[in-house]
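K.L.:
Chains as they are written, first to last, in this note's numbering: chain A, 1 to 282; chain B, 283 to 564; chain C, 565 to 873; chain D, 874 to 1182.
Possibly wrong hints are sitting among the right ones.
Only pairs whose alpha carbons sit at most 27 Å apart, straight line, appear in this in silico BS3-like list of lysine-lysine [claimed, not checked]:
# : chain 1 : residue 1 : chain 2 : residue 2
1 : D       : Lys958    : D       : Lys886
2 : C       : Lys868    : D       : Lys958
3 : C       : Lys868    : D       : Lys1081
4 : A       : Lys155    : A       : Lys130
5 : D       : Lys886    : C       : Lys778
6 : A       : Lys84     : C       : Lys856
7 : C       : Lys772    : D       : Lys1081
8 : C       : Lys577    : C       : Lys649
9 : C       : Lys772    : C       : Lys577
Some chain B residues near chain C, calculated using beta-carbon distances under 10 Å [stated by the list, open to error]:
#  : residue
10 : Leu335
11 : Arg387
12 : Val390
13 : Val548
14 : Pro552
Beyond 12 Å from chain A on every Cβ pair, some chain D residues (computed) [claimed, not checked]:
#  : residue
15 : Gln948
16 : Asp1023
17 : Pro1112
18 : Tyr1168
No wet-lab data here; the hints were simulated from the structure.
Glycine included, every Cβ here is placed at the ideal spot set by N, Cα and C.
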Amino acid sequence: MSSSQQITSTITSISRVGAYWHMVLRAPSIADAVVPGHFVAVAVGGDNSSMLLRRAFSIHNATPGESIEVIFAEHGAGTEWLAKQQAGAELDIIAPLGTPFILPRAAVPCVLVAGGYGSAPMGMLARALKKMGCHVEVILGAATGERLYGVLDLKRDADNVTVTTDDGSSGIRGRVTDVLPEIIGQSGAQAVYACGPMPMLRAVANLSTEHSVFSQCAVEEAMACGIGVCMTCVLPVIGEDGHTRMVRSCVEGPVFRGDRVRWDDVHTVPSDAVGAPIPGGH
Amino acid sequence: MSSSQQITSTITSISRVGAYWHMVLRAPSIADAVVPGHFVAVAVGGDNSSMLLRRAFSIHNATPGESIEVIFAEHGAGTEWLAKQQAGAELDIIAPLGTPFILPRAAVPCVLVAGGYGSAPMGMLARALKKMGCHVEVILGAATGERLYGVLDLKRDADNVTVTTDDGSSGIRGRVTDVLPEIIGQSGAQAVYACGPMPMLRAVANLSTEHSVFSQCAVEEAMACGIGVCMTCVLPVIGEDGHTRMVRSCVEGPVFRGDRVRWDDVHTVPSDAVGAPIPGGH
Amino acid sequence: MSVDLSTSLGSLKLSAPTLTASGCAAAGRELAQFGDVSTLGGVVTKSIMLNARSGRPTPRMAETPSGMLNSIGLQGPGIEQFIEKDLSWLTENGVTTIVSIAGGSVAEFGELARRLRDVPGIAALEVNISCPNVESRGQVFACNHESSSDVIRTVRSEWNDETPILAKLTPDVTDIVSIAQSVVEAGANGLSMINTLLGMVIDVDAMKPMLGGKTGGLSGPAIRPVAVRAVYQVHAALPDTPILGMGGIRNGHDALEFLAAGASALSIGTVVFGDPSAPWRIARELGEELDKRGYQSVREVIGKAHQAG
Amino acid sequence: MSVDLSTSLGSLKLSAPTLTASGCAAAGRELAQFGDVSTLGGVVTKSIMLNARSGRPTPRMAETPSGMLNSIGLQGPGIEQFIEKDLSWLTENGVTTIVSIAGGSVAEFGELARRLRDVPGIAALEVNISCPNVESRGQVFACNHESSSDVIRTVRSEWNDETPILAKLTPDVTDIVSIAQSVVEAGANGLSMINTLLGMVIDVDAMKPMLGGKTGGLSGPAIRPVAVRAVYQVHAALPDTPILGMGGIRNGHDALEFLAAGASALSIGTVVFGDPSAPWRIARELGEELDKRGYQSVREVIGKAHQAG
Ligand SMILES: Cc1cc2nc3c(=O)[nH]c(=O)nc-3n(C[C@H](O)[C@H](O)[C@H](O)COP(=O)(O)OP(=O)(O)OC[C@H]3O[C@@H](n4cnc5c(N)ncnc54)[C@H](O)[C@@H]3O)c2cc1C
Ligand SMILES: Cc1cc2nc3c(=O)[nH]c(=O)nc-3n(C[C@H](O)[C@H](O)[C@H](O)COP(=O)(O)OP(=O)(O)OC[C@H]3O[C@@H](n4cnc5c(N)ncnc54)[C@H](O)[C@@H]3O)c2cc1C
Ligand SMILES: Cc1cc2nc3c(=O)[nH]c(=O)nc-3n(C[C@H](O)[C@H](O)[C@H](O)COP(=O)(O)O)c2cc1C
Ligand SMILES: Cc1cc2nc3c(=O)[nH]c(=O)nc-3n(C[C@H](O)[C@H](O)[C@H](O)COP(=O)(O)O)c2cc1C
Ligand code: FES
Ligand code: FES
């Protein structure tokens, strides 16, 4: 667990990019500590807000000594409020949070797979991997071309970018998993990194495992606290000892080994989990 | 009961004046219907606010076909939010509300007494009375000079303005009621109009009655709805039939005849009120 | 959009799904500035007692986070004046009127029902056995099986058979389902839920309770999850008993939540204070929410959240 | 400012007035990034059961107006691991620790007390007889006089006499005062109140309850008026029984409200999720609120709102 800071941060810039918003937050001391896969938790609604809980966003970029960046979609009341904020406004933020991506020990070929705003952390990750000397393939998928984020930037950061859209409005018509096996094969990938909706993560993790490639997936579970104290954000994960536990995705995640998450059992408590309800018991 | 409108109004200007804020709201159709003593109810906190209820403010001025103005003090969370709004922002308002001041039938000398932001409705009233040919005396009181509002404007609108402050920082040291009897006497006033804190209204109403002058007082009671449907804003008022009833200050008031309000019994239900609890009963 | 917004509460057909909540729209007249009251599902009038009643001392309200407390204490003109002045206005204006009655004793409830029995223009009776703003907690009939059944049985015996009786319940009980069952057995045709929760705010400057009546009833969006839970539980136990749902409904989305939980129609209360046009707006928004999800009518979503099992 | 912020819960002296609320700070360790946990009034740990427990399925939370619902379902590692890993950390770090226990049966509560009896570093025991996140409502002991007294009597008999037992109550009952009286008679030295209110949110797209556990517990500022009322009522009836007050405390002003109602110390729950430094901030703000009003200590305002009569 990294040590997180709670600070009042000024919005340096906020602008629309396709279907998303790109926001830069002044956060000098936080930016120094950020590595790819960390997230930030933002208080929304201002004083007297009826919304008590923070909103979590992947950190898209960090400029040490200066700022962090996020990419967000308008989803409900909290993100709608955020989209209305202007440069100069102040936000109460906590970061860096969570267990980030683990970089490979050697310079191996990697595939980064992202769906929708799941591409947010991928630029940072691609740059870190390139710096190590890894060959980096990126697969970006979305429902439509408008919902793709960061294609051009990633083309700069990575060796190759493949785009898929459900409606074929950009790149290949289809899903990221339609192209993943081929790209794993061609690149000789030894690591897959993924961020996006849960069904995508499940498919990516399973495909990776089938291809004997180690995968890391950044999950997205509803979080009340983001710091590990409330136990709302759990999912069933198999531990080193082979036992399944309901594990907090805000501190032990959001990045998990793809082969350790019980994807089919997310949103349930598997009956073989440690402490699972005993039928007939309480 | 005047017919009220609920509209989305744009703030034309908002600025600090002494201890208060002066705000101009674009409200063409409402402005046409406003007479002195009307109030406006403003929704505060924006979307997703935890504050459900409107805030009531006396209408300070109305420019037909254009705008209405209010003067407000920062009191709690709602008015603090309002003070942070900027020109161009939109507010959901309902106006005109309430039973306004009744003008005398003939051009008689009048005294207008106001405490703190109670001077808000007095300029409009003074001008209406002057237009009828009344001699208009104004007494403005506050704790300190900073909490006086509109002295200069009222000097223009009225024949004479007397200022009192508790600390003597402006005008005469003392209370409005210290000078009221003399001014009633000198001016031969036949009507007293008052707006301000309840203890001041009580004193003004009682003094007026002692001097056989007809008084009208604009009261300030906590209001949940402002439109007469909730029964939170009541105070004991003696009706034409001599019976005391708990009467809604948002529709039957905020302006009441000073000799009809049971000032000593405000915040209680007098035992002789219509429908008062029968001891031992329910 | 061609969504059918009509619904019913037992034998009572309603042309629109939203009504006002008792005590939150007086007798409808003041709302007429903001919309045509006859187009609402109905007006539920402020609970009326036999005699004029002056209510509790002020302050009678305190704003709370996403809610408010009130301690009105059933101020009203008494049944005779109500019939003469309020009910007549409602009838003349073609308003679907549900009359809410409150009594200090079982006998008073009975007398109110008897007095109203032959008055024309009453679409239903709402029996408020759950007002927290009475001097003694013992007077909250709905806290107890026996007293709530007694009231409903007595009202039933004085009332006619054509017009539904709705019993209004409080959530401030250990087991609202069993209270619901008692009053239905005693003759209620439907249930109104929920009334306010007992609450208090303290004025820390004066160091005493803020409200003149010390405690008050908590209402507004703050209590909505409690209301939805109560409606869901009671609908699960009594699927054939129509429920008039209420408690913090603020928009069409909230209204849909109550329908899905098992309410057949909706009363809009506290939110009217902030937005007097809310009862009309919410009906319109509900139509949009239904349309967006491919539903054609209010009726088809009533209790729908129970189907997933 | 020289306000004395110390207070006590019966025989337990506290150097600061704010504690964490059970289930809202795990076992304190994660909060250490945001402040020195040993300077808090104390940490009340997440309710622990005898065996490891995985809790209810997700989603386990839903945000609601000025509140939230949770249905964690008492996930935890079981008492042995708790003692070994969590309690040891708290003790090593000099934290005033109140251990919250929860059992599925009276016997389990007894066993937990017995197991903890000789473990050093426990400042008090909080007995959670009011968790709504259990499979059957029948398991909420605090809904019923007998079951709540049974639990407390059993815990009392297994526990030592030096360390206070606090019974944690639910507001979801018809008469919280009589439950409070029962548990005090059964041996509780103090009361923690309130636990969450039973609530539900429906996902109107999926047309089913939002939470995996269907219902959940409502907490946060939304419920504060209910909590203040409960504390006020119980303090009026049992002025000598110390109360650990909680329910939506967000700032120093709210904290003062609970003290005035009769609480001797305060647990900060849901608000910690939005602001992890809240327990420290609120203590500081409380000092300012007291100072501003001319008070010199926390102790002098406890129950002060009762004096006006
Ligand atoms: C670790 C993590 C990283 C994330 N990164 C991004 C990102 O980079 N860009 C982006 O646009 N979004 C991201 N999300 C999702 C984002 O947090 C939600 O879209 C946002 O919380 C929705 O808030 P709202 O008020 O607009 O929606 P509402 O639906 O009104 O929110 C109600 C409640 O549900 C929670 N909630 C709703 N949707 C989600 C969701 N999908 N995930 C988690 N909680 C949710 C909210 O936090 C809030 O507490 C991330 C979520 C997590 C957990
Ligand atoms: C008819 C009328 C005319 C008014 N005219 C003016 C005016 O011209 N200028 C001005 O500055 N103020 C005026 N007030 C008072 C103004 O409404 C309150 O100051 C304001 O509501 C406080 O809101 P808040 O959120 O800042 O305070 P909070 O104390 O946080 O408000 C909490 C709740 O209490 C109510 N409340 C608090 N104080 C008062 C009060 N004094 N009167 C009524 N309700 C109150 C609020 O409306 C709100 O519902 C008037 C009030 C009434 C009833
Ligand atoms: C000011 C006020 C007065 C009320 N008066 C009554 C009443 O007379 N009779 C009654 O049955 N309910 C009364 N209620 C309760 C409402 O009808 C409703 O049950 C409750 O407020 C919950 O709905 P809401 O959250 O939409 O307001 C009153 C509520 C408020 C806020
Ligand atoms: C996520 C969450 C988990 C909780 N877990 C427990 C628990 O394990 N034991 C308990 O006694 N109370 C538990 N509570 C209740 C709180 O301790 C507290 O009584 C309640 O939330 C009201 O306080 P608040 O509004 O400040 O949160 C929990 C509350 C929340 C929000
Ligand atoms: S969000 Fe609270 S423990 Fe993860
Ligand atoms: S404020 Fe609602 S009746 Fe006056």
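K.L.:
For the pair supplied as a hint, Lys868 of chain C and Lys1081 of chain D, is the alpha-carbon distance within the 27 Å limit?
P.N.:
Cα-Cα ~8 Å, so holds.
K.L.:
Does the closest beta carbon of chain C sit nearer than 10 Å to the beta carbon of Pro552 of chain B?
P.N.:
Holds. Min distance 8 Å.
K.L.:
Keeping to a limit of 27 Å between CA atoms, is the pair of Lys577 of chain C and Lys649 of chain C held or broken?
P.N.:
25 Å, holds
K.L.:
Using Cβ atoms only, decide whether Arg387 of chain B comes closer than 10 Å to chain C, and label the hint accordingly.
P.N.:
29 Å, violated
K.L.:
Between Lys772 of chain C and Lys1081 of chain D, is the straight-line Cα distance small enough, at 27 Å or below?
P.N.:
Between Lys772 of chain C and Lys1081 of chain D the Cα gap is close to 43 Å, so the pair fails against 27 Å, i.e. violated.
K.L.:
Sort out whether Lys958 of chain D lies within 27 Å of Lys868 of chain C, counting only the CA atoms.
P.N.:
With Cα atoms ~46 Å apart, Lys868 of chain C and Lys958 of chain D exceed 27 Å; violated.
K.L.:
Would the pair Lys886 of chain D and Lys778 of chain C pass a check requiring their Cα atoms to be no farther apart than 27 Å?
P.N.:
Violated. Lys886 of chain D to Lys778 of chain C sits at ~32 Å, over the 27 Å cutoff.
K.L.:
With d taken as the least Cβ-Cβ distance between Asp1023 of chain D and chain A, does d exceed 12 Å?
P.N.:
16 Å, holds
K.L.:
Holds or violated: Lys84 of chain A and Lys856 of chain C, Cα atoms, limit 27 Å.
P.N.:
25 Å, holds
K.L.:
Just checking, Gln948 of chain D versus chain A, shortest CB gap more than 12 Å?
P.N.:
About 5 Å separates Gln948 of chain D from the closest Cβ of chain A, which leaves it inside 12 Å; violated.
K.L.:
How about Val548 of chain B: closest beta carbon in chain C under 10 Å, or not?
P.N.:
8 Å, holds
K.L.:
For the hint on Leu335 of chain B, does the least C-beta distance to chain C fall short of 10 Å?
P.N.:
It holds, given that the least Cβ distance between Leu335 of chain B and chain C is near 5 Å, below 10 Å.
Checked against the numbered hints above, the structure breaks hints 2, 5, 7, 9, 11, 12 and 15 and satisfies the rest.
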